[in-house]
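Engineer: Residue numbers (UniProt numbering), protein chains in the order written: chain A, 1 to 446; chain B, 1 to 446; chain C, 1 to 446; chain D, 1 to 446.
In silico lysine to aspartate or glutamate, EDC-like type, Cα no more than 20 Å apart, as pairs:
1. C:429 x A:374
2. A:429 x D:69
3. D:344 x C:57
4. B:373 x D:421
5. B:238 x D:393
6. A:228 x C:396
7. B:238 x D:396
8. B:429 x C:63
9. A:373 x B:13
10. B:373 x A:54
So the derived label-pair ranges between C-beta atoms look like this:
11. B:303 x A:312: 51 to 59 Å
12. D:188 x B:327: 35 to 43 Å
13. D:284 x C:65: 53 to 61 Å
Simulated from the structure, these hints should not be mistaken for lab results. Each residue gets a CB set at the ideal place from its N, CA and C atoms; glycine is no exception.
There are 4 protein chains.
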Amino acid sequence: MTIEVIAVGGYEEIGKNMTAVKVNDDVVIFDMGIHLDRLHIHEDTDISRMHSLDLIERGVIPDDTLMREVDGKVRAIVCTHGHLDHIGAIAKLAHRYEAPIIATPYTLALIEKTIKSERKFKVNNPLQALNPGEKQQISPNLTLEFVRTTHSIPQTITAALHTPEGVVVYANDFKFDNHQMVSPPPDYRRFRELGKKGVKAAILDTTNIKEVQQSKTHSEKIARDLIKDVLKGPLDEKKGLIVTTFASHIERIQAITKIAERSRRKIMILGRSMERYCSLAQDMGILNLPRNVSLYGNSKAINKALARANDNRSKYMLIVTGHQGEPDALLPRIANNKTNFEIKPGDNVIFSASTIPNPINLANRNLLDRRLKERGARIYNNIHVSGHAGPEDMRDFIRMLQPEQLIPAHGDISHLSAFVELAEEEGYKLGNDVHVLRNGQAQVFN
Amino acid sequence: MTIEVIAVGGYEEIGKNMTAVKVNDDVVIFDMGIHLDRLHIHEDTDISRMHSLDLIERGVIPDDTLMREVDGKVRAIVCTHGHLDHIGAIAKLAHRYEAPIIATPYTLALIEKTIKSERKFKVNNPLQALNPGEKQQISPNLTLEFVRTTHSIPQTITAALHTPEGVVVYANDFKFDNHQMVSPPPDYRRFRELGKKGVKAAILDTTNIKEVQQSKTHSEKIARDLIKDVLKGPLDEKKGLIVTTFASHIERIQAITKIAERSRRKIMILGRSMERYCSLAQDMGILNLPRNVSLYGNSKAINKALARANDNRSKYMLIVTGHQGEPDALLPRIANNKTNFEIKPGDNVIFSASTIPNPINLANRNLLDRRLKERGARIYNNIHVSGHAGPEDMRDFIRMLQPEQLIPAHGDISHLSAFVELAEEEGYKLGNDVHVLRNGQAQVFN
Amino acid sequence: MTIEVIAVGGYEEIGKNMTAVKVNDDVVIFDMGIHLDRLHIHEDTDISRMHSLDLIERGVIPDDTLMREVDGKVRAIVCTHGHLDHIGAIAKLAHRYEAPIIATPYTLALIEKTIKSERKFKVNNPLQALNPGEKQQISPNLTLEFVRTTHSIPQTITAALHTPEGVVVYANDFKFDNHQMVSPPPDYRRFRELGKKGVKAAILDTTNIKEVQQSKTHSEKIARDLIKDVLKGPLDEKKGLIVTTFASHIERIQAITKIAERSRRKIMILGRSMERYCSLAQDMGILNLPRNVSLYGNSKAINKALARANDNRSKYMLIVTGHQGEPDALLPRIANNKTNFEIKPGDNVIFSASTIPNPINLANRNLLDRRLKERGARIYNNIHVSGHAGPEDMRDFIRMLQPEQLIPAHGDISHLSAFVELAEEEGYKLGNDVHVLRNGQAQVFN
Amino acid sequence: MTIEVIAVGGYEEIGKNMTAVKVNDDVVIFDMGIHLDRLHIHEDTDISRMHSLDLIERGVIPDDTLMREVDGKVRAIVCTHGHLDHIGAIAKLAHRYEAPIIATPYTLALIEKTIKSERKFKVNNPLQALNPGEKQQISPNLTLEFVRTTHSIPQTITAALHTPEGVVVYANDFKFDNHQMVSPPPDYRRFRELGKKGVKAAILDTTNIKEVQQSKTHSEKIARDLIKDVLKGPLDEKKGLIVTTFASHIERIQAITKIAERSRRKIMILGRSMERYCSLAQDMGILNLPRNVSLYGNSKAINKALARANDNRSKYMLIVTGHQGEPDALLPRIANNKTNFEIKPGDNVIFSASTIPNPINLANRNLLDRRLKERGARIYNNIHVSGHAGPEDMRDFIRMLQPEQLIPAHGDISHLSAFVELAEEEGYKLGNDVHVLRNGQAQVFN
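The shape of chain A in the complex, shown without the other chains:
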């Protein structure tokens, strides 16, 4: 009986994650994500109407055409969490496989939304919810288990695929955070148990492997304390107050709203994607917004709300999209004077996010900052912690799982190579039991 790990996407970039694991004749697909950066290259890309083959050619979604030559039956499409680089290609690719899509309830609800907004393809795969801590048999030989972990979106799981040859662990993405408000800590006990039971192979998120100055990723508790300290002044001043963060970062939005709850300001959460992620999380009982919070998702409502806030700026705190300076997001549009809210001298703008350092983002952020400053805003930058494990977290994970074989994922060759060096410190050896794959390559374990 052989196990084969097929690197479909996310092995040459941070984005468009997709990995297939083949155990004899059964195949499980983990994640189907998109790579948003690639969209910049082609100006005319309206994803929702495009064919998957065009998107594949442009590098926007994983090239799963190689799956045709994989001789086996796909038993499940498993998504570990609701970020677009993990679920964003579902609507383009899933219909080709006769298999259910399995994810945690919140992730599943987000997948449903992407399927509904798709214009080109009809996705009819059954959607099956599985909770962290639960198992489900997906073929006579295979059982899928969802182990609780943490990341920057709720209900992220690490998948454990139980096979006759041992467990295959797919942990992409994850961080080890013991102090989140919305999500309980990772289930370290279970990881250790799996390690004892015997992990055949582990596929790990290496996004942050190069963060040597922050060898263990800081907890959201740190973010909360930073926000608390930074918000103190601005909440009391008689100035405008805008906070921007990731729309999907429910934990962070929970923290920000909680901290601002007792101030006199009303909180407006504004933006289409803000509304989508938050209202869903609220409906599902994940996000618990204080009473002084309102959500605005469609442009008319947003405009009205912004006009109100503009006239009475010391009475509101706005939580908006646009921290990367994306030209069509709300904060850049505000800074560019294209909304009803005008930045005035002394207004405070808090970036509860880091800039993902590709040249496009850096240029957009630079423009955004210059425009905000020109209008007199005060900027608080990088009030944030990462959602990806640092190198010492990865080392801890390796020690817990003691996998026979290691496959770094979610990075380009420089990330995967840096992981190899870490793994070798732990006794592995490149090509023997830690493997660098390129998109489209497979690794077979006997």
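Given chain A, put chains B, C and D in place with the hints provided.
Structural biologist: Just chains B, C and D, lined up with the frame of chain A:
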């Protein structure tokens, strides 16, 4: 008798240079440039139709409103060379002063063009040509001298203003290049003579002060040798061949065309600004293009030429604009498949330019490179030398001129401060005889 | 009546702080520090036996010879806190002035120690303790007030010198930390009162002005949370455990020992300077060490302790000097196998410090890390927060104090210039009311 | 018949190169170098007296113990050029193999010297000279060919091993330089012929793969032009003049001495290793020193020469060791005032070398520069071009050789991985026909 140096623009940025020197009641203005970076902040800026006050407010041109309070008569507007950060605001500001514009013939011809394309203002100042090595009396007390120097555009001069109190030297921009094809070396002998005669104050270009790894700026001879080595293969291959460089860099274009002269390829110089700078330089006998070169400036002609080159790509070498990735320039449009020329696998693209490292350019260049590579092009990057003096050149200049007072210009506070450190190594002291000015500030010497 | 601020040291470097403030005929000196980096240039420098003039020539201590020409009477030498770059030159320079040394009790006790270990000079100046919150008249016209602030050593104060012309504030060094264990938060209320009363001039620590990614410096609370998270695993493992931090960072040592108090490990604090700072702080009731902590300062005791720890490594946690990789400090000596404690595979080494990024430190840390790793140690890096205010803290401070005049200190020209840009955002203008001084220069305010 | 490439050393670092190629039962070893950086970790390493096993354990020389398990007969030890990272372990390892050492005459002479200064081992392997362009049969099945190439030491060759399965090319180190004075250009024609004949595998030097700003490495012609421009002033001034460069860089020393030949200064080449490399090159007719040059190798002679130069500094130009700031080399000792030559204000020091950017060198260079500047020297930095091929040179080489299989060498995993990306642009694929090896790993080709 007092001398006053008024920092109007270019003391808080690399761009929009303008300095006024007042000697008793006579004022001489040096340069009136624009700051192209500032255009990015406001999306709707059509310069040619805008009023100077709006452009001043947006930081695009120097704020010369302070000149109203300068109690003196402007005797001349002197431009040292034809780059837009030195002449680009002439059409917006010069009409406010009853004074001739004095420059070398090539610079003057370029100034004339900017005046003609202006839509808002009418500039009627007399245009007076002065050659390097010549002097002209501009008031009973003042004589202006143009001393030969080198830069990245022909007929750049260092201005020496002879006053009863000593010489005021304005050297912005300059490099010390002894091996250009088009321009003779700087007149070091004259600089030393001025030094002996007595230089009261020197205003110096500090753009490259931080280039510690290249303490003396490399000569164009180096660029020629690099181009020769790099072009060798591509000229012979049966592939497309595109070179991009600064349209105003006549010296470089001379070198490239000379090197490619004996190949079998026909050379097309393409682009509106390419045509403007080159045809003017050709008409004035500065640029001596080989017979196999053609110039195309209007879009119809460019399109036809590109179509020809596309069908027979091994027969042509294209020299085009767009090295900074500017979206509307020719190379980015080619890479984006918006012209008749399609990049094919194996085509060679040579950047005879460096990327000016602001975030917008870096993003544009990144996009351009990715698009070129996606189509299979091979890129040769940075086949280039700078046009600005390095720190050790500045030191040499200080030793030649031995100025009483030093005023660094053409940089933000970090450039000017770095120059202060160099000057202090040469015996000067901040505040005593080397001065950091902000835009709008003046320094008086008694 | 004029006020003159004389920049004696610390205006061209981070180090050797010394500023004199002259109010009519009265002079107050703030800080007399050394510049440890300069020692690297000369290999044979045994400070304790060297004459001040030699040390001045070598750039190790401030050049106070210019004070001879200051026409006034020195009324006090005021030290803001106990770091060597603020008190380290007292033993070399103070005896030249007939004036008391005024500082908080802990600072004063540290000053006494440096005076005692001096071999060349005899310092007999009276030592006068002043507590935070207290005032003392030091001449008919001048009253000195110590305002509570925070930094990375206890009992740091911001000095407010009340003069007939307004208050002169000297805040060098400081951070705004509201959550320290050992020290209460800064006295913001008093800062605002001073602002209302009228601050003539403020001299501010600019060390961290360039930290744009951390615009408000993180609190020690953050450091505590990081340490707690990082120490959890290592405390429980059966491996060696070493923590290194600044010997003078009593707050941090308090936090580390408190966190480890309930573990089964005994805590050894080891090293001569560790012992000096800690035992003093303990004696003065500032540091409250748990019962399972022992202090070892002389080499024999250290050796014995290390031998014990070596034999039973899972029973101890060592807190040692050497985080910058200084060859003679304890951790580098351990890593180099020059002590009784041998690093074994799996031992944990926690750096609760950042590397001060000069080339010597970077080389020393690199060597240290390679040696530790070669022996199998696991390294946790940068479990730390800074002790200096970030740019947005400085902005807050300016808004509280509303000083007429600003003088950035404790940095080279690049720090001071960056501060100018911040100050100009707040309405100041270089040369008018914010000033860049060089060592040896003075600024007069009328 | 199988070919096996065994990565012994230089696949996890820039240094200690050693690769074995096994063709059936015949083995050829390429290079036996040392890794000088590793010496810093252990302070007490006197190489000449140490056993190879100790040096292996310390990572200073390649771990060739794995060769015991290689089932074959070593037919030759081939060294490509005379740098220590290619020949420095010969004296420690070669005696274990019953095989001749084959190299070009200059390389061989340098190998002889290292053998003679060895204290621990006796190396009796026959030394066989082979000239560039020549072939030699080394076993019934194998013929070794030396193909002319260029680098930063004379007589560097690319080895071509002709096997029944095709050619194995070992090009480590190399650059493509068409304008050296001492060495003719690489034999591109022969490379293309080998490509046509069929290259089974190519092992390539990747040192400079990350130099994206200098995609083709600049020629020594560029270095000559830079030196000419920089030396002009200093040669004429009445000041001291010191040039420092690599002792083994005969080409550079030829260029410098040639440029300075017609000045009035006498040229002294000083330093033990300077003398070793230069006198050998001179004796063999490779280096052609002008008449005004003298060589000084032993310390007494050096001291006397320095004393002469000190008394009459405007009459001499010194060429010395120490460009990396190595504490025991001549220039750092001069800067530290430990010789008879004292740096005086205005003396010129020209670094015809770049700093190899590891933390130790950066610290040493920083110290050296500060000491030189403190004494008033003027420094010209980085008057240099590299000796290693840039990425576009590598691409050219791949296109000439068209190897079936590619193995990047001479770099850590980040270099090798970056090469993989280049190779993939040329149609290769990781694991299929381009391979990343770790020290101790082998790749078999059938």
